[in-house]
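Starting from the given sequences, assemble the full structure and let the hints guide the process.
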Amino acid sequence: MKTPAEYYMRDRRLHPPAYAPGYKTSVARSPRQALISLENTVSEITGPRFDHSDIAPGDNDLLTNYATCGETAIGERIILHGRVLDQDAKPVRNTLVEVWQANAGGRYRHKKDNYLAPMDPNFGGCGRTVTDDDGYYFFRTVKPGAYPWPNQVNNWRPAHVHFSVFGSAFAQRLITQCYFEGDPLIPICPIVLTIPDPSAIDRLVARLDVNQTIPFDAIAYRFDIVLRGRRSTLFENRLEGN
Amino acid sequence: MLYPQSYLPETASQTAGPYVHIGLLPSDTGIEIYDHELGRHIAGPNAAGERIRIEGLLIDGNGATLKDGLIEVWQANAAGVYAHPESSGDVEDGFRGWGRVIADFESGAWSFETVKPGAVPGRGGTVQAPHISLWIVARGINIGLNTRLYFDDERAANDADPVLGRVDPPHRRETLIANRDDSGPIPVYRFDVHLQGDGETVFFDI
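Just so you know, the protein sequences line up as chains A and B, in that order. If you're matching positions, the first sequence starts at -10 in the working numbering and goes up one per residue. If you're matching positions, the second sequence starts at 2 in the working numbering and goes up one per residue.
Simulated from the structure, these hints should not be mistaken for laboratory data. Positions of the beta carbon are idealized from the N, C-alpha and C atoms, including for glycine. Check the hints yourself; a few may be wrong.
[What the hints assert, rightly or not] What the simulated footprint calls covered on chain A by chain B, stretch by stretch (three residues with Cβ under 8 angstroms from a Cβ of chain B suffice, anywhere in the stretch; the number is not a length):
hint	stretch
1	38 to 48
2	190 to 203
[What the hints assert, rightly or not] Each computed SDA-like pair below joins lysine to any residue, with the alpha-carbon atoms no more than 20 angstroms apart:
hint	chain 1	residue 1	chain 2	residue 2
3	B	68	A	132
4	A	79	B	8
5	A	79	B	64
6	A	132	A	142
7	A	79	A	123
8	A	101	B	103
9	A	101	B	65
10	A	101	A	142
11	A	13	B	61
Okay, structure coming up:
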């Protein structure tokens, strides 16, 4: 009888280090001490649970969720979709996926964003959904624009959508960013380049998905997310020792 | 880079950036899209136990207060049970155990109201002192920082806690212990997080 136990150790070579001086804000916001490794306890293998009662049906449609009735956001209409899996390729079901992004011109609806590109009165920029039994999610939105940011004097973020995912344990909690295939800003972005492993960068790039594109309506992009997998133990070392 | 064929590599983390609030607490930025925000109510009205308030600041390596951070918390109820099927027992109706707050844009202060958690089982038959798990993201933080908040009025339990016991040198354990203040209408525990430098908070690889 296999008993689910700890989550697989995070391979930190695939993640950005805390201190990544090319991304200047990380210099003063990165711990200098080593992380203390903690074998999972019940506190780490549990986490908040969500279901469809937590969200409303239109929450995943950024084209319309902030728009005046009958209007939609301006920009390239896209479907951004994929699956949330664990490292064993099992679907992560009923998990909350939240996104936020700038509008088609690269402007965020945020009091601290004073970029000169205008707001879109029909675009808010956030969405949320809960994965189905296959771990599948989708959003309708506009493709965000690139935008400038104060790091070096002339840095521009590639078009990107921020993703927040929970999984079923606090140990799986993840925030990342999704980029778009073919964007020439990706390989020169200091935030992208905080990730040391080129293959890990590649996996953050959503692919054009012609098969799911809706003719005369919206282009589809596919972005799959992988959360930490979970060990099964054959031994009698249950976490709670009872 | 070679990976065992049978395992998919985990998706890489990226910073939450300066506008994380748009996505995770939009009404705090004036965006009214959702009929309700998630993470506002940790314990709910039916939860047993002592009602407490946690408050603090996030402080960077220069001693400056972060004004754009976001913190999520995960905790057991007063009986030491998590709202999750893998925790033994039931929780009160409406007890979620999870909360989400942002630092104030002007002052950087953050706070949340909850109930004080009970002790939960540790590994191998041990008992963990009451604690709240925290996950901290912000601009400049490339991968969420995991830490724990313990309570200064649980000294005996803290001294026996298996996780605090792993922190070496021992004086760094104090960075995880919140200080109780009974001068207000409800007990307040103060918990400042120092990201770097003097008094740097202990962060965990969980």
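The hints, checked one at a time:
1. 38 to 48: holds (count 6)
2. 190 to 203: Holds: 3 residues of the stretch 190 to 203 of chain A have a Cβ under 8 angstroms from chain B.
3. 68/B x 132/A: 29 angstroms, violated
4. 79/A x 8/B: 11 angstroms, holds
5. 79/A x 64/B: With Cα atoms ~44 angstroms apart, residue 79/A and residue 64/B exceed 20 angstroms; violated.
6. 132/A x 142/A: 25 angstroms, violated
7. 79/A x 123/A: Holds, at roughly 9 angstroms.
8. 101/A x 103/B: Within the cut-off at roughly 15 angstroms; holds.
9. 101/A x 65/B: 18 angstroms, holds
10. 101/A x 142/A: With Cα atoms ~19 angstroms apart, residue 101/A and residue 142/A stay inside 20 angstroms; holds.
11. 13/A x 61/B: Distance of about 13 angstroms is within 20 angstroms: holds.
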